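Trainee: Protein sequence lines correspond, in order, to chains A and B. Going letter by letter, the first sequence gives residues 1 to 371 in our numbering. Going letter by letter, the second sequence gives residues 1 to 234 in our numbering.
If you're looking for bench data, these hints aren't it; they were derived computationally from the structure. Here the structure is a predicted model, which means the values were calculated and not measured. Heads up, some of the hints might be wrong.
[As the list claims (entries may be wrong)] Within a straight-line C-alpha distance of at most 20 Å, the following computed SDA-like cross-link-like pairs (lysine to any residue) qualify:
#1 Lys-227/B x Lys-358/A
#2 Lys-156/A x Arg-47/B
#3 Lys-358/A x Glu-346/A
#4 Lys-17/A x Arg-47/B
#5 Lys-227/B x Lys-17/A
#6 Lys-227/B x Arg-135/A
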Amino acid sequence: MTADGAIRAAFRGAVGKFFLDAAFTAPARGVTALFGPSGCGKTTVLRCVAGLLRLPDGFCSIDGEVWQDKNNAFAPTYRRPIGYVFQEPSLFPHLTVRRNLLYGAPRGGVGARSIAFGDVVDLLGAALLLDRSPRNLSGGERQRVAIGRALLSQPKLLLMDEPLSALDRAAKEEIAPFIERLRDRHLLPIVYVSHDIAEVERLADHVVLMEKGRVIASGPLSDVESDLSLPLARAFDAGVSLNGVVEAYDADYGLLTLSVRGGRVVSPARAGAVGETRRIRIAARDVSLARERPGPSSILNVLPARLVSVRQVDLNEIVAALALGEEGVGERLLARVTRKSWEALELAGGAPVYAQVKAVALGAAQDRAEE
Amino acid sequence: MRQTEALVEPLTHIWAPVVLTLELATVTTIALLVIATPLAWWLARSRAWWREGVAAVVSLPVVLPPTVLGFYLLVALGPSGPGGAVASLWGARTLAFTFTGLVIGSMVASMPFVVQPIRNAFAAMGDRPLEVAATLRASPARAFWTVALPLASPGLLTGAVLGFAHTIGEFGVILMIGGNIPGRTRVMSTAIFDLVETMQWREANILAGGMVAFAFAVILSMILLEKRFARARA
């Protein structure tokens, strides 16, 4: 098979009392999150991709390279060019940090497109720890070393199984920016298992939504977030995460202008260089709707959009999916409003509408994400 | 002249069994580590249903009277057993009453004391370190040598010490298959028996006291080692 730029996985079978029947295709670049509640089979899927678990009825290929197929082909884990970061760092206690890092590194020369020891040490800030025993490291330090160790084995795919969930808040904040840097450098595709939507919104480009051993949706993050037929969009804290490009920064007011597909969003944020990509999350609860362009108001973001679909989430509230732009071809946005105001608006599918977002709400959401 | 001889003679009398005992224990321990380690690995990791059956067979010497064990070993090592067949390869008639026979007998008798701690060590480390090694491109063989063995080293050490000590302390099996031949199969434990039989109390005292001191040293060092490993692991 030739390179197809995709991660293709399909696994079916019983694991103990649990039955897995999960299939998805995701791009072989960026971060793909396997997301779902605890016990839905995310980790099992990841273990199948790694070859740590073998379900006879399975298929797995990465960018055209087949690791398992239904004709009984199966590459054992140690023959798969993967890196795997477990929930617990699982460093080798009998080796120093340096020897842990180098355990999987190819002996002899490494190619030009490789991940160098010095780079990983810099990236991780692990230089000071190199000759220590893993026993003397903090939880966050250990997980950093575990990630570095996986990277130095020169993987073509990085698999991460809830790498943050065993860490305290401070340690999480050590690791999360590191994974973001990894993603933004486009070194290699990452499959990331998480049950924490905040992590997924922060890190993922593509989401595979799982429930009870099945895949219920797979798509780009904002598509999955804004799909009203999925539970995410109906949740109280639903929202969409958009990648915007910095257009301007107003240092006087501390406001950043981001251009997203189909619109422009202003938000209080730390300074950014023009052209830099920033991720912004717009919560459905922070979006209000108007039929006509509102007059002067304190609301900085008034975005023309078109109504795509609507769904009642409970007795008195509805959530609407919008497409940004006059033509309605831009990014999706969610708005959660009361049934009373919705009925007053009398909107039909495809109708033009103005979405209003308080900039302060966006700033607060970012602060939460970066805490 | 006569006096020095009188002094030296009983000392060689004692010394020969001591040397033979140490030789036997050393060879037995090394051979046991080579055999018990893969066996313990298999017992710790196999999912075969008959695994515990094998474990029980390995542990039999703990329960069986040494005479029973010695009797079967004598038959097996003798001219009409497999031991005799092996011995005929170099023109001998039997493995019983030889040093090789003692090594084989001691290995069988001490096997459970070596296998059990190594098996426990392999089981205690769980699958995770080996999974990690596999995700880092380590073949199963490399994972075994560079991860499993080092992590199990406390168990290997415990097994080696127990195997060595138990071989030195074995009496019944040795007497049954060794025959207590001076210089060939007379080890410390059987030598003491002999000395007491012939009323040589002084020599018996020296040997017996030495073994008490040895046993004390072994047990104390085991306790201290275990403490140290527990600290290192914490």
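Trainee: So, for every hint listed, does it hold in this structure?
Mentor: Consistency of the hints with the structure:
no.	hint	result
1	Lys-227/B x Lys-358/A	63 Å, violated
2	Lys-156/A x Arg-47/B	33 Å, violated
3	Lys-358/A x Glu-346/A	23 Å, violated
4	Lys-17/A x Arg-47/B	18 Å, holds
5	Lys-227/B x Lys-17/A	40 Å, violated
6	Lys-227/B x Arg-135/A	17 Å, holds
Of the numbered hints stated above, those contradicted by the structure are hints 1, 2, 3 and 5, listed in ascending order.
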